[in-house]
Every structure is written in C-alpha cells, then in structure tokens.
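Peer 1: Construct all of the structure, not just a fragment, from the sequences and the given hints.
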Amino acid sequence: MNKREGEVSSCKKAVSDANVNLSSPIIGAFKVFQQELDTKHDKYERLVKISRDVTIESKRTIFLLHRVTSVPDVEAILTEADAKLDMVRQKIGLIADELRGEDIYQFHRAFTPGIQEYVEAVSFQHFIRHRSLISLEEINARLVFMRTEDPKAPTEAAPVGTHVLTFQVTPSDYLLGVADLTGELMRLCISSVGNGDIDTPFQLSQFLRQIHDGFSYIGNTGPYEVSKKLHTLRQSLGKVEDACYTLRVRGSEIPKHMLADVFTSRTTIMDPEEGVV
Amino acid sequence: MSVTEMFSYIQGFLSADQDVREDIRKVVQTLEQTAREILTVLQSVHQPTGFKEIPSKCMKARELFHTVRTQLSELKTKFPVEQYYRFHEHWRFVLQRLTFLAAFVVYLESETLVTREEAAQILGIEVVREKGFHLDIEDYLAGVLIMASELSRLAVNSVTAGDYTRPIRISNFINELDSGFRLLNLKNDPLRKRYDGLKYDVKKIEEVVYDLSIRGLAKEAETEANK
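As you go down the protein sequences, you meet chains A and B in turn. Here this note's numbering is used: the first residue of the first sequence is 669, the next is one more, and so on. Here this note's numbering is used: the first residue of the second sequence is -2, the next is one more, and so on.
For the record, the hints were derived by calculation from the structure and aren't laboratory data. Heads up, some of the hints might be wrong.
Each pair of labels, with its calculated beta carbon distance range [said to hold, decoys possible]:
id: 1; chain 1: B; residue 1: Ser5; chain 2: A; residue 2: Phe870; range: 21 to 27 Å
id: 2; chain 1: A; residue 1: Lys727; chain 2: B; residue 2: Thr109; range: 51 to 57 Å
id: 3; chain 1: A; residue 1: Gln703; chain 2: B; residue 2: Thr74; range: 31 to 37 Å
id: 4; chain 1: B; residue 1: Arg179; chain 2: A; residue 2: Ser800; range: 27 to 33 Å
id: 5; chain 1: B; residue 1: Arg189; chain 2: A; residue 2: Asp750; range: 43 to 49 Å
id: 6; chain 1: B; residue 1: Arg189; chain 2: A; residue 2: Ser691; range: 34 to 40 Å
id: 7; chain 1: B; residue 1: Gln26; chain 2: A; residue 2: Arg797; range: 48 to 54 Å
id: 8; chain 1: A; residue 1: Gln703; chain 2: B; residue 2: Glu79; range: 20 to 26 Å
id: 9; chain 1: B; residue 1: His63; chain 2: A; residue 2: Asp881; range: 49 to 55 Å
id: 10; chain 1: A; residue 1: Val700; chain 2: B; residue 2: Arg189; range: 15 to 21 Å
id: 11; chain 1: A; residue 1: Ala697; chain 2: B; residue 2: Arg18; range: 32 to 38 Å
id: 12; chain 1: A; residue 1: Glu805; chain 2: B; residue 2: His63; range: 44 to 50 Å
id: 13; chain 1: B; residue 1: Arg179; chain 2: A; residue 2: Gln903; range: 47 to 53 Å
Bear in mind that the values here come from a model prediction, so they are computed numbers and not experimental data. We put the beta carbon where it would ideally sit given N, CA and C, even for glycine.
Peer 2: Structure below.
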C-alpha cells in the first residue's frame, strides 16, 4: 500500500513538475477569481454584521415601546423611540452604502432579518402614535440618506456635492415585518388590559382583524415564510379576541356607575389572562 | 392608506412577481431541453468509436449552442436586468450545466480550460454584471467542476479505447485545476461542497495514470507519439 502511494505521488510529481508552473494561465485566472470571491464574501459579512446591529437596536426599541402601557407620559417614550430608530436608520444607511452600485438581491439574504425587525419596530411605533398601519412608502420615505461626496475623488475645483442614497424595503420584507408586528400588538393588548385600559384592546382587536384579513387575502401568493407566520398571527388574534370577550362579559355584569372601580382593580381580575401569555 | 389598500397593493406586487417567475420558468425549461441535447451529443465521446469523432461532435455541439444563445436572449427579455439576482435561482442550475458543456467542448477541442470570457461568449452573455445578463463567477466555477468529473470518466474510457496518452494529459490538466481551486477561499456553500468532490476525480485519474505507468503503457505510448 505504502509503495503504491509512493509510486502514485512520485508519478504525479513528475507529471506536475513538468507542467504546473505558477505562472500558468489557469493559476493566473484563479488568482483573479480568488480576489473576486473574497471581495464578495467580505461585503456579505459586513452586511450580516450591520444587519445584526439593526436587529438588536430594533428589538430594544420594541421593548422600550412596550413600556407605554405603564407610564403616564407616552409622548416622552415615543420621542425616545424616535431617537433610537434614527440610530437604526443610520445603520441602514451603512447598508445602502455597501449596496451602492450592486444588485440588492445578490446580498438580500445578508440583511433581510435586520430589515424585517426594523419594519416591526417602526410600524409598532407608528401604530402607538397614529393607531394605523404604516405604509411601505412611508417607511421607504424615511430611508433616504444624504451623502457628502468622497473627498478623495476630485480634489480641486470640484464643489463638495451631496448626493441622495436611498434604501428600498422590498414588499416581502415589509409583509414579514408586519406579520411580526402582530405578535407585539398582542402583547400590548394583554398588558394594557392588565393596566386597566379598556379602549386599546378593542382597537387592537379590530386592527389585528384587518391585518389578518389582509394576510388571508394574500394567501399563498406570498413568500413561503408568510404561511408560517399566518399561523402565529391566528393565535395572536385569538388571544386578543378572547381578551375583548372577557372584558365585554365582565363589563356587562357590573352596573355602569361601578365600572370605574372595576377597571382600577382590573389588574387582579385579569391576572389569569396574563398567565396564558 | 388603509390596511386593506396596503394589502391589495402588496398583493398586486406579489402576483406580478409570480407572473415573471412563470415566464422565466417556461424559457428555462426550453434551455434545459437544449442542454440535454448537447450533453447527448457529447456523451458519445465515451464510446470506443467516439474518440475519432471528437471534432465532428464538437462541431455539432457548437451548432446547438446557437439555439442556446437565442433562448438565453429570450430569457433576458423576461425581467428587468438589474434584478438578475432576484430570479437567479431559476436559471442557476441550467447555466452551470451549460457552462460545463461549453467548457467540455473547449477542452475536447484544444485541451485548455475555457476562460470565463470564452464561456460567456459561447452562451452569448456578459461577464460583468453591469453590462447585463451575465455569468456569475460561482456558476462558472461550478460548471468547471462538473467538467472535472466528466474528464475523470473520460480518462477511464480512453484507456478502454486504447488511447494511453490522453489520461496523462487529463491528469496534468486536472492537477492544474486542483491547484487553481486551492487558491480560493470558499465559504461553506454549494460551490464548496462541489469542490470537495474534486479530490475524488483527481484520485481516480491518478490511479489510471498509475495503472498505465506500472505496466509501461504510458512510456510506450509516449515513444510512439514521439516517433
């Protein structure tokens, strides 16, 4: 066996010494390929990294926004969330920088989780403020970045011009982000019940029902992940509808003039409901 | 914009997207058909009688590449050019097969590795993305790897057909290809998986060369060729 291997390798050596030199056209071509592939992989990795940061910051914004149910000054939280989202947008600006002149779909897989999370955060904030669904255009309109021209390029006589850089959220990413939003809305609903807010649950159930109808309308024409998320959406909707049902039933049991008292002590009434979450 | 309006806008986008994919799929099917025809033509080189007919088979294959070029130019009209990678998955497989076929023809004709430019030219497409429908570098490399396993088969069959010099030339070529691929830093992706198979091709060809040299058949053939 040993002898055989030795023979093979020496034979190979004799053969390869004759012809494989490092300046052959094939090796030359592969050196070019190496560079091209490395550049591409590096860009991909950078995008993954930015996308992770976007995800983390968006998640934190969502946690912050969940506090609106328990504090008196909603506006302060919304402003703080705005500041956080501005930071996220700057990160997305970095993605747009990386993608300048590229086919965005080539690297789409690298940054789609971050973008979906951003859509979730920004639409959540929009809902708390306006009680409506943010549209795709509204999201994209805020992802326009001004960039000062690279100072290295033309040195003299060229005015330092700015140019506009945009980032477009794809409809699929928007859709998946909105699907994630419904989970947050369910949490918001349950916690606002816990805090004695009787209006929000009904608004939320109506809003969730509209979104649910929207997703049913799209059905399976959408990307594959949508059908998976639709299942979770149904569960969230179920929880919210149950909460509203309980509110209505318990509410009618109690005389009108005593309602206020009941709602102040709602926390205890609704405790079993919270356990479900 | 109400929720319903928003969703019907998205739905419109999604169904338009599906229509485009449907169109692409139809063209890709015809391309796959042509690729199979070319493969059938080239497969005959593995027959003992086929070795003498290599040039004529290559000619025939090149003729069939005309059809490929028209089909690919039809494919180009089915979607906006800057969205190449959005639909890439649909033609990725067939484009790799076609690159393999082009590379195989070029190898049989001149025993050289097809360059990316040549391959793109045979298929009637571009090399750089900016210029339009192009040959992605990973698809090109994947096509070259498919050719490597085809060549290891050819080495075996050429011995059966009594051609003892061809395996040695193939061995040189594959070795060079192997050292080329070793320069690349591949990620854990499909290309890397395919590259992992290259060593078995190399091994197989080395065994063939070994069998020939231990029986003195390689030398014999060489001296004969020198005469």
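Peer 1: It remains to establish, for every hint, whether it holds in the given structure.
Peer 2: A quick look at each hint next to the structure:
1. Taking the beta carbon of each, Ser5(B) and Phe870(A) are about 25 Å apart, inside 21 to 27 Å as hinted.
2. Checked against the hint of 51 to 57 Å, the pair Lys727(A) and Thr109(B) passes, with Cβ atoms roughly 54 Å apart.
3. Separation of Gln703(A) from Thr74(B) is about 33 Å and conforms to the stated range, judged on CB atoms against 31 to 37 Å.
4. A hinted range of 27 to 33 Å for the beta carbons of Arg179(B) and Ser800(A) is inconsistent with their spacing of about 58 Å.
5. Judged by the Cβ atoms, the range 43 to 49 Å given for Arg189(B) and Asp750(A) holds: they are separated by roughly 44 Å.
6. For Arg189(B) and Ser691(A), the Cβ-Cβ distance of about 27 Å falls outside the hinted range of 34 to 40 Å, so the restraint is violated.
7. At about 50 Å, the CB distance of Gln26(B) to Arg797(A) agrees with the hint of 48 to 54 Å.
8. Taking 20 to 26 Å as the suggested C-beta distance range, the pair Gln703(A) and Glu79(B) conforms, at roughly 24 Å.
9. Range check, His63(B) to Asp881(A): Cβ separation about 52 Å, and the 49 to 55 Å hint holds.
10. Between Val700(A) and Arg189(B) the beta carbons are some 19 Å apart, a value that agrees with the proposed interval 15 to 21 Å.
11. As the Cβ distance of Ala697(A) to Arg18(B) is approximately 34 Å, the hint placing it in 32 to 38 Å holds.
12. Distance hint check: the CB atoms of Glu805(A) and His63(B) are about 46 Å apart, consistent with the given range 44 to 50 Å.
13. About 51 Å separates the C-beta atoms of Arg179(B) and Gln903(A), a value consistent with the hinted range of 47 to 53 Å.
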